[in-house]
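Position 264, counted from 1, in the sequence shown is what our numbering calls 264; the numbers after and before it change by one each time, with no gaps.
Read the hints as simulated data drawn from the structure, not as lab findings. Accuracy of the hints is not assured; some may be wrong.
Claimed, not checked - Label-pair restraints from in silico Cβ distances:
{"#": "1", "residue 1": "35", "residue 2": "13", "range": "47 to 53 Å"}
{"#": "2", "residue 1": "37", "residue 2": "246", "range": "21 to 27 Å"}
{"#": "3", "residue 1": "104", "residue 2": "6", "range": "45 to 51 Å"}
{"#": "4", "residue 1": "271", "residue 2": "130", "range": "22 to 28 Å"}
{"#": "5", "residue 1": "212", "residue 2": "260", "range": "17 to 23 Å"}
{"#": "6", "residue 1": "260", "residue 2": "4", "range": "29 to 35 Å"}
{"#": "7", "residue 1": "265", "residue 2": "243", "range": "17 to 23 Å"}
{"#": "8", "residue 1": "271", "residue 2": "114", "range": "46 to 52 Å"}
{"#": "9", "residue 1": "119", "residue 2": "34", "range": "22 to 28 Å"}
{"#": "10", "residue 1": "250", "residue 2": "137", "range": "36 to 42 Å"}
{"#": "11", "residue 1": "173", "residue 2": "119", "range": "50 to 56 Å"}
What the hints assert, rightly or not - Listed next, the in silico DSSO-like pairs over lysine-lysine satisfying Cα-Cα at most 27 Å (straight line):
{"#": "12", "residue 1": "243", "residue 2": "137"}
{"#": "13", "residue 1": "201", "residue 2": "243"}
{"#": "14", "residue 1": "141", "residue 2": "243"}
{"#": "15", "residue 1": "3", "residue 2": "141"}
Cβ atoms here follow ideal geometry from the backbone N, Cα and C, with glycine treated the same way.
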Amino acid sequence: MNKYIAALPAIRPPFLTLAPLSCLVGLAYCAYQGITIDMFDALLSVLGAILAAIAVNTINEYQDFQSGLDLNTTPTPFSGGSGLLKQNPTLAPIVKRYAVGSVIAVILIGVLFIFRIGAALIPIGLLGLLIVVSYTKVLNKHPWLCFIAPGIGFAILMPVGAYLVQTGNISYSLVAISLVPFLITNNLLLINQLPDIVADKSVGRKHIAIYYGVNVARWVFALSLFSAFAGVVCLVMIGLLPKLALIALLPLGLCLLSLVYLFRLGDNIAQHLPAMGMVAAAANLTPLMLSLALFMSKS
1 MNKYIAALPA IRPPFLTLAP LSCLVGLAYC AYQGITIDMF DALLSVLGAI LAAIAVNTIN
61 EYQDFQSGLD LNTTPTPFSG GSGLLKQNPT LAPIVKRYAV GSVIAVILIG VLFIFRIGAA
121 LIPIGLLGLL IVVSYTKVLN KHPWLCFIAP GIGFAILMPV GAYLVQTGNI SYSLVAISLV
181 PFLITNNLLL INQLPDIVAD KSVGRKHIAI YYGVNVARWV FALSLFSAFA GVVCLVMIGL
241 LPKLALIALL PLGLCLLSLV YLFRLGDNIA QHLPAMGMVA AAANLTPLML SLALFMSKS
């Protein structure tokens, strides 16, 4: 039991908040439409999302240890892995069990929902599972797939799935709303990859900063950020979001400060950790602000 407790850092607890906040957007959209939320299904969908996040974190932790990547990275609060297995390699089998166990748990929750809700959940579940199990070894070798994978998994599949569980339907308006946190979630991964470029390249990874260079990565970050700003405004203007949703522009403003440091420091961004922290904060606060706006403007 002590080993299981010692291996808990591999699940990356500080990074698990994004999963429930992403689901919250879907639940808030239900409330906004006047749909009564089934709390059991809501909590079970949130649990499934958290377990999916644990699965991708532990798979990444274990496979990075197996590839030797961990030995070449310097962990920061936002990049480089937890450093757990580098310090205590004997915990590797425990981390693997966490990974396998969380994947199995996600599948079981998904199967339960499919029997209860119907086959509409199958494509979302399969795509999410594919992202979880292929992210480290496959998606990281394809720059654009690697870039959009976290946004699809967290910002789109989780809220859309949470909504689908409640209603039995997919809302394409919700998909459009989810594009805002999608853009910021992708940027969170992008900026967190920069300190590890040399180490990642040594094991064959080809994310945007490696494949196209740091300068292109800067501009991709900037384009995504300004698209998120424009997205919030446009969604309010066309009526898909209430006017109160403009509060989501506030956390996006944090990323503007990060952008300044990104252009100044490039792959040395870890020299100013608050710049990375502000993107992490924005990735969490943006879906939270959208959810609050939807709940407070509900029918």
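Next item on the list: Return holds or violated for the Cβ distance of residue 173 and residue 119 against the range 50 to 56 Å.
Entry: violated (22 Å)
Margin query: Verify the CB-CB distance for residue 271 and residue 130 against the hinted window 22 to 28 Å.
Written below: violated (36 Å)
Notebook entry, point to check: When you take the CB atoms of residue 119 and residue 34, is the distance between them in 22 to 28 Å?
Noted result: holds (26 Å)
Next item on the list: Mind checking the hinted window 29 to 35 Å against the Cβ distance between residue 260 and residue 4?
Entry: Violated - the Cβ-Cβ distance for residue 260 and residue 4, about 43 Å, lies outside 29 to 35 Å.
Notebook entry, point to check: Does the Cβ pair residue 271, residue 114 satisfy 46 to 52 Å?
Noted result: holds (48 Å)
Next item on the list: Can you let me know if the beta-carbon spacing of residue 250 and residue 137 is within 36 to 42 Å?
Entry: holds (38 Å)
Next item on the list: For the range 17 to 23 Å, tell me whether the beta carbons of residue 212 and residue 260 fit it or not.
Entry: Between residue 212 and residue 260, where Cβ atoms are some 21 Å apart, the hint holds.
Check: Do the beta carbons of residue 37 and residue 246 sit within 21 to 27 Å of each other?
Finding: holds (25 Å)
Notebook entry, point to check: Keeping to a limit of 27 Å between CA atoms, is the pair of residue 141 and residue 243 held or broken?
Noted result: violated (41 Å)
Checklist line | Straight-line alpha-carbon gap residue 201 to residue 243, limit 27 Å | finding: Roughly 44 Å between the alpha carbons, so the hint for residue 201 and residue 243 is violated.
Checklist line | Assessment of proposed distance window 17 to 23 Å (beta carbons of residue 265, residue 243) | finding: Violated, since residue 265 and residue 243 (Cβ atoms, about 37 Å apart) do not stay within the stated range.
Checklist line | residue 35 paired with residue 13, Cβ distance criterion 47 to 53 Å | finding: violated (32 Å)
The earlier numbered hints that this structure contradicts are 1, 3, 4, 6, 7, 11, 12, 13, 14 and 15.
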